[in-house]
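Please arrange chains B and C on chain A, whose structure you already have, making use of the hints.
Protein chains in written order, with my numbering: chain A, 833 to 1135; chain B, 55 to 474; chain C, 623 to 907.
Quick caveat, the hints were computed from the structure, so don't treat them as lab data. Because the structure is a prediction, the values reported are computed rather than measured. Here a beta-carbon is modelled for each residue, glycine too, at the ideal position from N, C-alpha and C. Any given hint could be a false lead.
[To be verified] Interface residues of chain B toward chain C, partial, derived using beta-carbon atoms under 7 Å:
| hint | residue |
| --- | --- |
| 1 | 94 |
| 2 | 98 |
| 3 | 123 |
| 4 | 132 |
| 5 | 135 |
| 6 | 136 |
| 7 | 309 |
| 8 | 313 |
| 9 | 314 |
| 10 | 329 |
| 11 | 332 |
| 12 | 341 |
| 13 | 384 |
[What the hints assert, rightly or not] Below are the BS3-like pairs computed for lysine-lysine, each with C-alpha atoms no more than 27 Å apart in a straight line:
| hint | chain 1 | residue 1 | chain 2 | residue 2 |
| --- | --- | --- | --- | --- |
| 14 | A | 836 | C | 734 |
| 15 | B | 135 | C | 761 |
| 16 | B | 156 | B | 376 |
| 17 | C | 732 | A | 1131 |
| 18 | C | 761 | A | 1130 |
| 19 | A | 908 | C | 750 |
| 20 | B | 463 | B | 280 |
| 21 | A | 1131 | C | 750 |
| 22 | C | 761 | A | 1131 |
| 23 | A | 1130 | C | 797 |
| 24 | C | 750 | A | 887 |
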Amino acid sequence: MNNKGQTLWILFFIVPGLSLVSIVIIYPLFASLLNSFYAWDGFTRMEFVGLQNFKTVFTQYPYNERFFNAIGNNLKWFISSMVIQNTFGLLFGYLLSRRIKGHEIYKRVFFMPVLLSIIAVGFLWKLYYNPQFGLFMKLFTALGWDFMNRAWLGDSSTATYAIILMNIWRWTGFPTLVFLAAMDNVPEECLESAHMDGTPEWTMFWKITFPLIIPAIMVITVLTLIGSINVFEQVYTMADLDGAPNYATDTLGTLFYRSAFGSQASTVPEISIGSSLSVIIYVLCLGLSVLNILGFQKKEVQL
Amino acid sequence: MRKVMLYVMIILICLPGSMLFAAGQQEEEMVELDFSSWRTEDVDVYEAIIAMFEEENPGISVTYSPYKTEEYQTVLAANFKGGTAADVIHLRAYGNFEQFAKPGYLMPLTEDIIPELAKYSAQSLAGSTSITDGNVYGVPYASQSLVIYYNTAMYAELGLTPPESWDEFISNLEACAAAGITPLANGTKTGWMDEVMSGVICPTFYGGNDFYYDILDGKTGFDDPKYAGALEKLHSLAEYMPSGFTGLEYVESQMLFLNEMAAHFIGGIWEDSYFSKQNEDLDYDIFIGPPAQKGGAQYISTFMDGSFGINKATPNSDEAIKFVNFMASKEVQQYISDNLGVKTEHPEVVPTKPLLMKVMDPSLTTTPYMMLVSFRYEQPSGSSLIQSGLQALFGGDKTSEEVVADVQKGIATYFEPFQN
Amino acid sequence: MILDFRFSHSSPVKKVLYILFQIILIGYVIVIIYPILNLLLSSFKTTREIFTNPFSFPAEWRFSNYVKVWQKGGFDMYFVNSIVITAIAMALVLLFGSMAANGIARYNYKMKMVVYLLFLSGIVLPLKAAIIPLFLLIKNLHLTDNRLSLILIFAAMGLPSTVFILSGFMKTIPKELEYAARIDGCNDLVIFQKIVIPLSMPSITLVTIYNIVPIWNDFFFPLIFISTDSKKTLPLGVASFFGQYQIAWDLIFAALSIAIVPMIIVYLFMSRYFIKGMTAGAVKG
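Bound-form chain A, shown alone (with noise of 0.2 Å):
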């Protein structure tokens, strides 16, 4: 194979895909970003003023009270994703690769909620916490937890994780099936011959397993961090634009999606603090997610 040859091959694969993403992404959205650079006047870009929209953004009150507010709740999301939904995911994955009882069912259902639109998912699970006639106070009221009732989404040192369960509820089918994709793609021979020797479940796991997997955990755990990042929808159907209550549920896709586009009810756009927010979130989960893809990379197993 002479490297010409090889080089078209490349251009043949990637160019098509490539230039599609360039112009309807990569360019507006980088048209969007030097917007940051600018100081506006409503939808008028005025002078060039440098950094000066970032430093607003981590030094003014209070756009650095609601910023820092915002990237701490963003913590929270990544960390119980990770945490929860994708240990879950693994769980469920492995359990299915081992085809438990019932796995054709489950692999079939744990994906469903992934179909069903948000609007609709976020409406039910506000019902569901509902502190008047909720499902779930119904359910402690029966168990006589009377504890356990209160206004989940109104308090706001419990209103994130409501949002943030609903969520793993919603997704947990994705990582799931797509541990159980790595993990049917290890070859059965290795695990089989492990097995004859009596080498314990967990060894198996952990030796052969994990090792032959690491590709599919770096996907999903890029795949958090940005869905992490970039929450938006989520709040938006059960807490609305502002993360109520007292912005104990904003996230920084609704702190952006408010500088750049306004609230009906509260607020005007303010395009220098919109893009210069989309750039922090780009940087960060850009720079986030090189830093997670070469960790992995030296992790990874050829086989």
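Leaving out everything else, chains B and C in the frame of chain A:
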């Protein structure tokens, strides 16, 4: 060879798409006006109005295009930037309107081109007058008033009468609670409803219009103890709200009231049509936020809800002007008032809906819905500060002094009278 | 089949674990099924009943909600538009996405990381953030109020995550299979078609569902770019039931229940690719 086949495949996939979606032919016989709006609920009413207009003006046809409220401002922004905005535009009021007036996207309306405009008071034009250049850019659509709904059947059963003072209001709420009825349906999870509640309850305690003008002049600030005291009065209603009220949102509160599970609902005059549509058997009426002392000035918070404006770049400006002038006429404003149950601003309109007559009672003192009317032009908006502040107050996360201090601090970042 | 996780012939510890896991799995199935049923049941209620009687059967089965939704402003047309747009956009996503993933995962070259990061930078921010430049771009291409604009946008939106997920899986495909094919005289395209694609079917299923649902449910881009009624999509129809102060939840649930059917069909159809051993067989054959 394979490569060629793949390209053929790609083309085959794309081709039917592009053929299918080639722009359709349009017959251009009459002038077509596009009329964009955020009022998805009112399609029928606007189509009826358009039919009246088209009958009077053969040769012009108007299409009403409503967009989802939350995204409407974004749709307008993109279309103005791209030069594809509708000819006639239903504009939001105040800050939301200013952002399109300021860059010059809208046609200034004068009495020369819209003769009907002469009949409107300056106050009713405030929501569509630019604070930058002082020009009027829209014909008023409606004003909203904030009120308290009460269940008349429950009142009759408990032998209550609409309160004439704050103390009577509280004793009515107590009577409901004593009878095992949730006195107040409102929760605090929806931010803008918290602001609505403050608009109903607070003016009498902070001193209504005097305080408002003192604020505008910088003679006092939001950290005035009067304002904190007013918020404290609102906060005192918490004990009459449903259990878990911090987790109840707007729709859920509406439902509690219209399903007769609570006796009062603090809201806007716009709720009327929803309540009557959802539960025909519901007997309800309104009263206005009670004065601090019996016989004292009774304030009713009002605000302009929008206006009809014209895209400056429209190629059909004559027809658009004709249409907007029609929208400003007594005939249309009366029709809107009768069918949408909102208060319109044309002085010759006679309200026919009973609730409208109540809010238009001349003995009431109208007071601006402060944060929307004057502090939603810049960031951080007064609305966002008071909404989050009230949620913190009701949630027990902040005291009323801390809330007003935050409001003052936030508004002082851009409002010059507060800066010294 | 010796690796199956079973109850019988297991140690006592494993037996306890087995029971525990089954309880969790069955519990999760119930927790998933109930809200889905709840969604369907709500579509037969009035808005008021959705709130007063949210969790059980409707007092009266109101099929009229569906009739209203279907008759109101041409939902049949929205439905067809949605299917055509989603199908073409997904076809582009899968075709270009699997090609690009193949170009990244199966070759080694200097610019690889750059290409990879370019794709990745397409998922780190929602495209909504760039709506004004995007609007001007579409306008300059003369594609406003044209369904092709949505196809291009949706296809571009789906590509980055597709490339990211697929390349992660494609690089785990053993190189030996490729070498063997090369010796048989296959070129890169044949290897892509006959080895890489069949072996990637489970992950292709994953990216299909991952991307098709947001595309199917997206209402923001149609709202911005489509103005003619006959070109509108299903989510725009649903959005029309959301008023400023009044929300017709009865009609929304009916519309969403209609909207979910194609997604479930696609998913059940594709889930058959999740069968262990199928991929190995495809290569041998």
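Under the criterion that the straight-line Cα-Cα distance not exceed 27 Å, is the pair residue 135 (chain B), residue 761 (chain C) satisfied?
Cα-Cα ~11 Å, so holds.
Closest C-beta approach of residue 341 (chain B) to chain C relative to 7 Å, hint status
20 Å, violated
Let's test the interface hint: is any C-beta of chain C closer than 7 Å to that of residue 384 (chain B)?
25 Å, violated
Hint validity - residue 309 (chain B) Cβ closer than 7 Å to any chain C Cβ:
Check passed: Cβ of residue 309 (chain B) comes within 4 Å of chain C, closer than 7 Å.
Should the hint that residue 332 (chain B) touches chain C count as held when the rule is a Cβ pair under 7 Å?
Hint on residue 332 (chain B): holds, closest Cβ of chain C at ~5 Å, below 7 Å.
Proposed proximity, residue 376 (chain B) with residue 156 (chain B) (alpha carbon, max 27 Å)
24 Å, holds
Check the hint pairing residue 836 (chain A) with residue 734 (chain C) against an upper bound of 27 Å on the C-alpha distance.
Holds, at roughly 16 Å.
Between residue 1131 (chain A) and residue 750 (chain C), does the CA-CA distance stay at or below 27 Å?
35 Å, violated
Does the alpha-carbon distance linking residue 908 (chain A) and residue 750 (chain C) stay inside the 27 Å limit?
24 Å, holds
Against chain C, is residue 329 (chain B) within 7 Å by beta-carbon distance?
10 Å, violated
Straight-line Cα separation of residue 463 (chain B) and residue 280 (chain B) no greater than 27 Å?
This hinted pair holds, its Cα atoms lying about 17 Å apart.
Need the status of pair residue 750 (chain C), residue 887 (chain A): alpha-carbon distance at most 27 Å?
Between residue 750 (chain C) and residue 887 (chain A) the Cα gap is close to 24 Å, so the pair holds against 27 Å.
When the structure is compared with the earlier hints, violations turn up for hints 2, 9, 10, 12, 13, 18, 21 and 22 and for no others.
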